[in-house]
Amino acid sequence: MQLSDLVILCILLGCMATYVPVFLSLFFASAIGFVVFLDYPLALLAQTLFRSLDKFPLVVVLFFILCGNIMSKGKTVEKLINLANALVSWLPGGLGMAGVIGCGLFGAISGSTVATVVALGGFMIPALIKNGYDEDYTLGLMATSPNLGVIIPPSIGMIFYSMISNVSLEGLFITGFIPGLMIICLVCIYTFMVYRKRDDINTVPMPSFNQLFAIFKEGFWAVMLIVIIFGGIFSGAFTANEAAVVASAYAFFVEIFIYRSMRFKEVKEITVSSAVTSATLLLIVAGATCFGRYLTFENIPNRVAEIVVSNINSPIVFLLAMNILLLVIGMFMDIISATLILGPVFLPLLAPFNVDPMHFGLIMTVNLAIGYTTPPMGVSLFITGSLGQRDILYVSRAVMPFVAIQVAVLFFLTYFPQIVLFLPRLFGYQ
Amino acid sequence: MLGKILKKIDAFITHLEEWTLFVIVMAALVSLFANVVLRYGFNYTLAWSEELVRIVIIYSTFIGASVAVKQRAMIKIDAIVQIFPRLKPALTFYSDILMLVFACMMTFYGYKMAYQQMLTHQKTIIMQIPLVVVYSIMPVVGVMIFIRTMQVMIQDIKNR
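Residue numbers (this note's numbering), protein chains in the order written: chain A, 1 to 430; chain B, 1001 to 1160.
For the record, the hints were derived by calculation from the structure and aren't laboratory data.
Built from N, CA and C at the ideal position, the CB exists for glycine as well.
Any given hint might turn out to be false.
Within a straight-line C-alpha distance of at most 25 Å, the following computed DSS-like cross-link-like pairs (lysine-lysine) qualify [what the hints assert, rightly or not]:
id	chain 1	residue 1	chain 2	residue 2
1	A	265	B	1112
2	A	268	B	1007
3	A	73	B	1070
4	A	197	A	73
5	A	265	A	197
6	A	268	B	1008
7	B	1158	B	1004
8	B	1112	A	55
9	A	268	B	1088
10	A	265	A	73
11	B	1112	B	1123
12	A	75	A	265
13	B	1007	B	1123
14	B	1070	B	1007
15	A	55	A	130
16	B	1088	B	1112
17	B	1088	B	1158
18	B	1008	B	1070
19	B	1123	A	55
20	A	75	A	268
21	B	1123	B	1004
22	B	1008	B	1123
23	B	1070	A	265
24	B	1070	B	1004
25	A	73	A	217
26	B	1008	A	265
27	A	217	A	75
If you want the ones that stay clear, here's a sample from chain A, every Cβ over 12 Å from chain B, calculated [as the list claims (entries may be wrong)]:
id	residue
28	7
29	19
30	181
31	205
32	209
33	332
34	392
35	394
Taking CB as the label site, the calculated pair distances span [stated by the list, open to error]:
id	chain 1	residue 1	chain 2	residue 2	range
36	B	1115	A	13	32 to 38 Å
37	B	1153	A	217	50 to 56 Å
38	B	1009	A	44	30 to 36 Å
39	B	1159	A	265	24 to 30 Å
40	A	122	B	1011	51 to 57 Å
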C-alpha cells in the first residue's frame, strides 16, 4: 500500500460519504489521481469519460429500464398479481406466497429492485394486512421479495458485471434462475409453516377451472412478455440487447393497444423518465471507467491480488471473506456502484483461487441485492417503511427471517458452484 | 421581471430536454426493432443502426444528466444524511459546488475536444455525421448542468 493509494481511497470514500453523487466522487478521485500522482493531462480523463459512453452494449440498460417502467406504470403488474393470486391464494398463507411469486414474475421483466418494491408493495401491503396477516410479516415479505427483481434475470447488476468481466451476459442471466426459485420456494415454505394453523386469516376457496382460465386469458399478454424475453434469449434467437428492445416495443404495443392504459402523454413521460434513470446509471459507468483507468495506470488491482493471494490460501476462506466483505459493502452502497467499482479489483483474484467468473458474478449480484434490505442503509427498508407507515427500526426487525433465508441461499450458492453453473453449461455458455 | 425571464428559460430548457430525450430514445427503439424484424424477415441488416444507437446513448446520458440534476435524481450514498438529517443542507450545498466545478470542466474540455474534431473534419464511418456534432454535446451539456445546478441551489436558498 502506497501513500498515493491511500490518499485517493480517502478522497473517493470521503466524497461518497458526504452526499456527493457517486459518479462525481469517482470522477474527482480519478482527476486528482491523474493530476497529482500520475502527472497526466486532464484532457485524457475527459476523453475517457466521453469514450466510455460510446459503447453499443450500454443500450441494454436503457431498454430494460424502459420495459420495466412501462410494465409498472401500465396494467401488467396488476395482471401478474392476479395470476399469482389465482395460483396459490387458496393455500394457508396463500396471499403471502402470492406476494413473493408476484415479485418473482415481475422480476422476470424488470431488472431493478426499487421499481419492484414500489410497484408491488403499494398493492400487496394493504391487501395482506386487510386479510389478517401480521404487520411485521407483511412488511418483511414485501421489503425483501423485490430482491428477486435483481436476482431473477434480466438484472441490471448482472448487465454491469458482464460488461466489466466479459462473462457472457446471456449465460449470467441463466444462473439467476436457481437462486430465484430457491428463494421463492423457501419463502413459501416459511409462510406455510407460520400460517398453517392460524384461523384468523381470510383464505379464498380454490378457484374453479373456468375462473382460472379467465384469469389466464386476461394475463396472457403479460405472461407472453416473459416468454418473449426468455424464449428469445435461451433459444438463441435474440441477444440480450435485442430481447430488451423487442420487449420494450411489445410492452408499448400491449399497454397502448390492448390494455389501453396509456396515451401519448404517458408514453412520453415514461420514455423521458427511463432515459433519465438510465443516464444516472450510465454516468456511474463513465465515472467508474475513469477511476478504473487510474487503477490500471497505478497497477492497483494486481497489487491487491498479490496481497490477498499471499495471505489467504484456500478458496473456501477466500469466498467466505468475499461474501462477508460484500454483505458489509452492500449495507452502504447500491448494487451498480459496488459492482462497477469493486468488480475490476476483485476479478484478478478469481483465477488464483480457481473461482469461475460467472459463478462469482452471481454471488456478487445476490450478495449486493441482499444489501437493499439490510440496515442501516437499505433502500427497500425506507420505501417499505413509508408504504406501511412504520419506522425503519420496525421494518429492519421485520425483515430478519427473510434476510436469513436469502443469506442461507447465498451461502449455498457460494459453495456449490456445480449447481449454479449447471444451467448455463446446459445451454452452452462457458 | 428577472424572475419571469428565468422561468421562461427554465421552461424552454425543460421542453428541449424532454423532447430531445423522447425523440432520440424512440429513434433508437424503432431502428433496433426494425433491425431485428429485417434480419429475421428479410435477411437484411441496417448498418447504420448501431452507429445511431451509440450516438443516442451518448446524447441521452448527457442530457439525462442535466435533467437528473434538476430532479435531484443523481445516485448518492445517503448514509450520513439519513443518520444526521441536520447536515443535509450543508452537504447538498457542498456537492452542488463540486457539480459546478464539474460542469465548468466539462464545458472547457468538451469545447477543446469538439474544436479538435472540427479542425480535423472527421466523420462517422457509415452515416457520415461530422464528429464535431457528436462531441459538441459535451460543452452544451456542461453549460446546461451549470444552469440546472444554479437553479437547484437558488431553490434551496429560497426554501431555507
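Tell me the numbers of any earlier hints that the structure contravenes, in ascending order. 1, 4, 5, 9, 13, 15, 16, 21, 22, 29, 33, 34 and 40
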